[in-house]
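Kindly produce the complete structure, drawing on both the sequences and the hints.
Protein sequences appear in the order of chains L and X.
Residue numbers for the first sequence follow my numbering, so the first one is 1 and each next one is one higher.
Residue numbers for the second sequence follow my numbering, so the first one is 280 and each next one is one higher.
FYI, nobody ran anything at the bench for these hints, they're computed from the structure.
Check the hints yourself; a few may be wrong.
Straight line, CA to CA, 25 Å or less: simulated BS3-like cross-link-like pairs of lysine-lysine [claimed, not checked]:
#1 X:K340 / X:K350
#2 L:K41 / L:K218
#3 L:K31 / L:K71
#4 L:K31 / X:K310
#5 X:K449 / X:K406
#6 X:K307 / L:K41
#7 X:K350 / X:K310
#8 L:K41 / L:K93
#9 L:K61 / X:K307
#10 L:K71 / L:K28
#11 X:K372 / X:K422
#12 L:K41 / X:K340
#13 L:K28 / L:K170
#14 L:K93 / L:K170
#15 X:K307 / X:K340
#16 L:K259 / L:K127
#17 L:K31 / L:K61
#18 L:K31 / L:K41
#19 X:K538 / X:K406
#20 X:K340 / X:K372
#21 X:K320 / L:K41
#22 L:K41 / L:K61
#23 X:K310 / L:K41
#24 L:K259 / X:K538
#25 X:K340 / X:K497
#26 L:K31 / X:K320
#27 X:K320 / L:K28
Number of protein chains: 2
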Amino acid sequence: MRTYLDCLPCMMNQALRAGRLATNDESKIKKLLDEVGDSIKNISLHDTPVESGAIVYNRIKEITNNEDPYKQTKATSINEALELYPLLENYIKESDDPLLTGIRIAIAGNVVDFGMSKDFDLERDLKYILNQNFAILDYEIFKEQLNKASNILYIGDNAGESVFDTILIKQLGVPVTYVVRGIPIINDVTYQDANDSGIDEIAEIISSGTTAPGTILKLCTKEFVDIFNNADMIISKGQGNYEGLSNVSRQVFFLLKAKCHVIAMHINVSEDDIVLLAS
Amino acid sequence: MRTYLDCLPCMMNQALRAGRLATNDESKIKKLLDEVGDSIKNISLHDTPVESGAIVYNRIKEITNNEDPYKQTKATSINEALELYPLLENYIKESDDPLLTGIRIAIAGNVVDFGMSKDFDLERDLKYILNQNFAILDYEIFKEQLNKASNILYIGDNAGESVFDTILIKQLGVPVTYVVRGIPIINDVTYQDANDSGIDEIAEIISSGTTAPGTILKLCTKEFVDIFNNADMIISKGQGNYEGLSNVSRQVFFLLKAKCHVIAMHINVSEDDIVLLAS
Numbered sequence: 001m002r003t004y005l006d007c008l009p010c011m012m013n014q015a016l017r018a019g020r021l022a023t024n025d026e027s028k029i030k031k032l033l034d035e036v037g038d039s040i041k042n043i044s045l046h047d048t049p050v051e052s053g054a055i056v057y058n059r060i061k062e063i064t065n066n067e068d069p070y071k072q073t074k075a076t077s078i079n080e081a082l083e084l085y086p087l088l089e090n091y092i093k094e095s096d097d098p099l100l101t102g103i104r105i106a107i108a109g110n111v112v113d114f115g116m117s118k119d120f121d122l123e124r125d126l127k128y129i130l131n132q133n134f135a136i137l138d139y140e141i142f143k144e145q146l147n148k149a150s151n152i153l154y155i156g157d158n159a160g161e162s163v164f165d166t167i168l169i170k171q172l173g174v175p176v177t178y179v180v181r182g183i184p185i186i187n188d189v190t191y192q193d194a195n196d197s198g199i200d201e202i203a204e205i206i207s208s209g210t211t212a213p214g215t216i217l218k219l220c221t222k223e224f225v226d227i228f229n230n231a232d233m234i235i236s237k238g239q240g241n242y243e244g245l246s247n248v249s250r251q252v253f254f255l256l257k258a259k260c261h262v263i264a265m266h267i268n269v270s271e272d273d274i275v276l277l278a279s
Numbered sequence: 280m281r282t283y284l285d286c287l288p289c290m291m292n293q294a295l296r297a298g299r300l301a302t303n304d305e306s307k308i309k310k311l312l313d314e315v316g317d318s319i320k321n322i323s324l325h326d327t328p329v330e331s332g333a334i335v336y337n338r339i340k341e342i343t344n345n346e347d348p349y350k351q352t353k354a355t356s357i358n359e360a361l362e363l364y365p366l367l368e369n370y371i372k373e374s375d376d377p378l379l380t381g382i383r384i385a386i387a388g389n390v391v392d393f394g395m396s397k398d399f400d401l402e403r404d405l406k407y408i409l410n411q412n413f414a415i416l417d418y419e420i421f422k423e424q425l426n427k428a429s430n431i432l433y434i435g436d437n438a439g440e441s442v443f444d445t446i447l448i449k450q451l452g453v454p455v456t457y458v459v460r461g462i463p464i465i466n467d468v469t470y471q472d473a474n475d476s477g478i479d480e481i482a483e484i485i486s487s488g489t490t491a492p493g494t495i496l497k498l499c500t501k502e503f504v505d506i507f508n509n510a511d512m513i514i515s516k517g518q519g520n521y522e523g524l525s526n527v528s529r530q531v532f533f534l535l536k537a538k539c540h541v542i543a544m545h546i547n548v549s550e551d552d553i554v555l556l557a558s
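Encoded structure:
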């Protein structure tokens with residue numbers, strides 16, 4: 001997916017939000033906005049928004065001199081999600097279709113996204129999404145591929161959401177490799193976050209090697225690209241991964257909530273819709 | 280009022296909105312956003328947002344090579360407002376307090392603002408605001424000053440809103456001088472727009488000489504500043520004028536709807552509140 005004009009003001013908004021989470025120093029945040037503003041001209045509308053986002057978030061680290069400004073926020077998200085864990089397990093236990101409920105839960109976890117907004121409430125949003133209609137639900141194709149797959153590459157998105165992912169992973173019934181970012185970026189899930197979320201007990205964890213807040217193959221390690229190309233089935237969580245992978249030649253199952261109107265337009269759904277989309 | 284950090288991403292949003300109204304050429308809008316982004320570093324948090332806004336909107340004119348990109352939009356707003364005129368007059372006729380109803384109508388007209396959003400519906404918003412509680416209503420002071428005044432300086436804001444202003448002006452019962460911008464900027468009211476709105480029949484129209492989308496005395500003509508300082512009573516419409524005049528030493532009556540959270544915070548009200556505020 002390419003960068004749209006709407007993504008450019010959004011980057012300034014993201015920088016402001018991220019800057020405020022990283023520091024209380026107004027002059028540092030102003031400097032950040034100055035530099036992000038300055039970098040707008042270097043952003044091509046042919047690049048993916050994730051590539052542009054990487055510029056913003058890496059500048060935040062430099063200006064705030066903080067390699068992981070969301071560290072505490074991520075820990076809080078993971079703990080909040082872990083507290084909901086018994087509730088999540090109960091939803092699965094009481095479901096007529098535990099796999100589909102697992103998919104819904106994994107999407108519900110996708111509301112944890114400090115890049116997009118701070119305005120979410122995990123428990124409230126979980127209940128809403130569990131009853132929300134899918135705008136796109138390629139469930140039959142998903143089940144068909146799942147039945148044939150002997151391994152699954154599951155590309156994680158945010159810390160906290162990662163706890164919700166464990167619920168779906170347990171329903172897949174196939175060995176799963178869980179993919180994390182190469183370095184801390186926004187509140188995206190890293191190796192440590194995945195461990196803290198309990199993923200290590202149910203899946204192998206690997207890094208894509210990317211320093212962007214999404215998966216763009218040209219920015220990933222060669223090892224990861226090989227695994228990506230050879231995986232039987234790929235599940236990709238969230239917007240950042242969709243932005244980078246929407247045009248790849250192989251099939252990917254995208255699980256996400258459309259949190260911005262640009263992504264929604266690109267998928268041809270409405271903002272706030274949830275989708276299980278087979279590319 | 281100074282520029283807040285939140286104003287900086289907002290300027291990019293305004294540039295995008297304004298750019299789209301001025302041209303369909305994506306590359307021109309990208310160039311506009313590049314330049315506005317680039318100018319963020321030249322904006323001081325000590326300047327008023329209106330000064331910064333002037334940079335944005337004047338660049339739009341240069342890049343689109345269009346001195347009045349909102350010309351058609353303004354004409355449409357004025358015509359829509361004129362169609363509502365009999366309804367507005369009827370509200371006054373049926374009101375127990377025609378002056379206060381006139382104030383409400385003048386504020387309702389303030390929803391016409393293409394700088395802030397395209398999402399307004401004059402008739403719907405009018406009905407809502409006619410029944411909305413004021414967050415601040417310095418009505419007794421307003422009436423007291425009105426009783427003493429032998430002339431009023433009424434600083435207009437947007438084209439279309441200007442038609443609504445005529446309703447209030449007719450209720451004031453004192454000679455009114457109506458102030459317009461020096462040049463077309465966003466959809467702000469100019470001399471021609473004020474004429475087309477019927478203001479010429481009930482008030483003298485003068486220009487403040489400003490090229491900014493608001494009134495900042497240091498950017499106005501000396502003649503205007505003299506009139507401003509010597510007016511018996513001043514009514515200022517909308518956010519742009521508030522941003523520039525909130526700190527002047529003389530009393531000003533601000534009539535506005537708080538359309539952004541920064542202004543709302545500055546006035547100590549909530550977003551979407553309406554106020555008649557005596558400084």
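Here is what the structure says about each hint:
1. X:K340 / X:K350: holds (12 Å)
2. L:K41 / L:K218: Distance of about 22 Å is within 25 Å: holds.
3. L:K31 / L:K71: Holds: K31 (chain L) and K71 (chain L) sit about 22 Å apart, inside 25 Å.
4. L:K31 / X:K310: Holds, because 22 Å separates the two Cα atoms, which is no more than 25 Å.
5. X:K449 / X:K406: holds (20 Å)
6. X:K307 / L:K41: Cα-Cα ~12 Å, so holds.
7. X:K350 / X:K310: With a Cα-Cα distance of about 22 Å, the restraint between K350 (chain X) and K310 (chain X) holds, given a limit of 25 Å.
8. L:K41 / L:K93: Between K41 (chain L) and K93 (chain L) the Cα gap is close to 52 Å, so the pair fails against 25 Å, i.e. violated.
9. L:K61 / X:K307: Violated, at about 32 Å.
10. L:K71 / L:K28: Since the Cα atoms of K71 (chain L) and K28 (chain L) sit roughly 19 Å apart, the hinted pair holds (cutoff 25 Å).
11. X:K372 / X:K422: holds (19 Å)
12. L:K41 / X:K340: holds (19 Å)
13. L:K28 / L:K170: violated (44 Å)
14. L:K93 / L:K170: holds (12 Å)
15. X:K307 / X:K340: holds (11 Å)
16. L:K259 / L:K127: Holds. K259 (chain L) to K127 (chain L) sits at ~17 Å (cutoff 25 Å).
17. L:K31 / L:K61: Holds, because 12 Å separates the two Cα atoms, which is no more than 25 Å.
18. L:K31 / L:K41: Holds, at roughly 17 Å.
19. X:K538 / X:K406: holds (17 Å)
20. X:K340 / X:K372: Given pair K340 (chain X), K372 (chain X) is violated - Cα atoms ~42 Å apart, limit 25 Å.
21. X:K320 / L:K41: holds (14 Å)
22. L:K41 / L:K61: holds (21 Å)
23. X:K310 / L:K41: holds (8 Å)
24. L:K259 / X:K538: Holds - the C-alpha atoms of K538 (chain X) and K259 (chain L) are around 23 Å apart, at most 25 Å.
25. X:K340 / X:K497: holds (23 Å)
26. L:K31 / X:K320: Answer holds: K31 (chain L) to K320 (chain X) is near 8 Å, not above 25 Å.
27. X:K320 / L:K28: holds (12 Å)
Taken one by one, the earlier hints fail for this structure at numbers 8, 9, 13, 20, listed in ascending order.
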